[in-house]
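S.K.: On the provided structure of chain A, position chain B as indicated by the hints.
Number of protein chains: 2
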Amino acid sequence: MSADEILYWEDFTVGDTVAMGSHTFAEQEMIDFARKFDPQPFHIDPVAAKDSYFGGLIASGWHTCAVAMRMLCDNYINRSASPGSPGIENVRWLKPVHAGDTISYRRVVLEARPSNSRRDMGLVKSRTEAVNQSGEMVMTFEGWGMFGRRPG
Amino acid sequence: MSADEILYWEDFTVGDTVAMGSHTFAEQEMIDFARKFDPQPFHIDPVAAKDSYFGGLIASGWHTCAVAMRMLCDNYINRSASPGSPGIENVRWLKPVHAGDTISYRRVVLEARPSNSRRDMGLVKSRTEAVNQSGEMVMTFEGWGMFGRRPG
Numbered sequence: 001m002s003a004d005e006i007l008y009w010e011d012f013t014v015g016d017t018v019a020m021g022s023h024t025f026a027e028q029e030m031i032d033f034a035r036k037f038d039p040q041p042f043h044i045d046p047v048a049a050k051d052s053y054f055g056g057l058i059a060s061g062w063h064t065c066a067v068a069m070r071m072l073c074d075n076y077i078n079r080s081a082s083p084g085s086p087g088i089e090n091v092r093w094l095k096p097v098h099a100g101d102t103i104s105y106r107r108v109v110l111e112a113r114p115s116n117s118r119r120d121m122g123l124v125k126s127r128t129e130a131v132n133q134s135g136e137m138v139m140t141f142e143g144w145g146m147f148g149r150r151p152g
Numbered sequence: 001m002s003a004d005e006i007l008y009w010e011d012f013t014v015g016d017t018v019a020m021g022s023h024t025f026a027e028q029e030m031i032d033f034a035r036k037f038d039p040q041p042f043h044i045d046p047v048a049a050k051d052s053y054f055g056g057l058i059a060s061g062w063h064t065c066a067v068a069m070r071m072l073c074d075n076y077i078n079r080s081a082s083p084g085s086p087g088i089e090n091v092r093w094l095k096p097v098h099a100g101d102t103i104s105y106r107r108v109v110l111e112a113r114p115s116n117s118r119r120d121m122g123l124v125k126s127r128t129e130a131v132n133q134s135g136e137m138v139m140t141f142e143g144w145g146m147f148g149r150r151p152g
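Residue numbers (the numbering used here), protein chains in the order written: chain A, 1 to 152; chain B, 1 to 152.
Next comes chain A alone, as it looks inside the complex:
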């Protein structure tokens, strides 16, 4: 399926795992995000980070989530008539993301059911997974999304 085709609820199958792309976390970008939103020493100060438990600068967990959201938009949400999300569950920051790490994002379909209230919509529960260049899972979260059903 090409990346500019519209996605419908019928396009999601439980168990499907789809790669969404990857992002390399540059030190300056990590610092810029964390200065605004998560100014802990090991996120904003390379010297303090070196002496910390983590041994070097690591990305804010909210930054790895925000990049995941960008991947979800580019791969799914902006290819559908999604009316937004009520929330997410089980956000897990499993391993640190260090400066220069390349994180690959993928999405696993966990559940799918038609909407009870809207016959033209269906619900999909998925897990977003982030994996580093060594194959270690660094972050996951889960949530329901709403997608239009294929007409006809």
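Since the hints were derived computationally from the structure, they do not count as laboratory data.
Treat each hint with caution, since some may be false.
The list treats identical chains as interchangeable, and a pair is accepted whether it falls inside one copy or across any two copies.
The calculated lysine to aspartate or glutamate pairs, modelled on DMTMM-like cross-linking and capped at a C-alpha distance of 25 Å, are [said to hold, decoys possible]:
1) Lys-95 / Asp-120
2) Lys-95 / Glu-136
3) Lys-125 / Asp-16
4) Lys-95 / Glu-142
5) Lys-50 / Glu-89
6) Lys-50 / Asp-74
7) Lys-125 / Asp-11
8) Lys-125 / Glu-142
9) Lys-125 / Asp-45
M.R.: Here is chain B on its own, set in the frame of chain A:
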């Protein structure tokens, strides 16, 4: 307690609700965040947003969370020896945050217990709540944090 005093696990009492500060979401700031991380039309395009279900530009849910994290850093995390968080639960985007809305953040202590593995640490489960200028709850999330215990 002054805002630059060190916080220990003993300073948290179940049921405590503490105001953390407020933030007014300016339109351009909302667009800047969403262009990077959540480029859905109702987050980045005031004209498209006006025609959307929301009737105007709204902030990315990740943006309201990221600002909450900043408040948590300023009020708690950077006043303690917190070694980071394993994750969060029950992120709920309950109401839209519109351009110009002033969101007040507060933190409620839900549970507290000493660490089993580290005698010098204690755990605190809290809910972060975001409320708009009309008193409507717009966002909540929950999570465990680790804090050092008061010496002696």
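S.K.: Work down the list of hints and note, for each, if the structure agrees.
M.R.: Verification of the hints:
1. In the homo-oligomer, the alpha carbons of Lys-95 and Asp-120 lie at most 25 Å apart only across protomers (23 Å), although the nearest pairing inside one protomer, at 40 Å, exceeds that limit.
2. Taking the shortest alpha-carbon separations for Lys-95 and Glu-136, only the intra-copy value of 8 Å comes in at or below 25 Å, while the best inter-copy value is 36 Å.
3. Proximity of Lys-125 and Asp-16 under a CA criterion of 25 Å is satisfied intra-copy only: 12 Å inside one chain copy versus 34 Å between copies.
4. In the homo-oligomer, the alpha carbons of Lys-95 and Glu-142 lie at most 25 Å apart both inside one protomer (17 Å) and across protomers (20 Å), since each shortest distance falls under that limit.
5. In this assembly of identical chains, the alpha carbons of Lys-50 and Glu-89 never lie at most 25 Å apart, being 32 Å within a copy and 30 Å across copies at closest.
6. When the C-alpha separation of Lys-50 and Asp-74 is checked against a cutoff of 25 Å, the pair qualifies only between copies, where the shortest distance is 22 Å, while the shortest distance within a copy is 35 Å.
7. Proximity of Lys-125 and Asp-11 under a CA criterion of 25 Å is satisfied intra-copy only: 13 Å inside one chain copy versus 39 Å between copies.
8. Both within a single protomer and between protomers do Lys-125 and Glu-142 lie at most 25 Å apart by alpha-carbon distance, with minima of 7 Å and 20 Å respectively.
9. Taking the closest pair of Cα atoms, Lys-125 and Asp-45 never come within 25 Å of each other, the shortest separation being 37 Å inside a single copy and 27 Å across copies.
The structure does not agree with the numbered hints 5, 9 stated previously, though it agrees with the rest.
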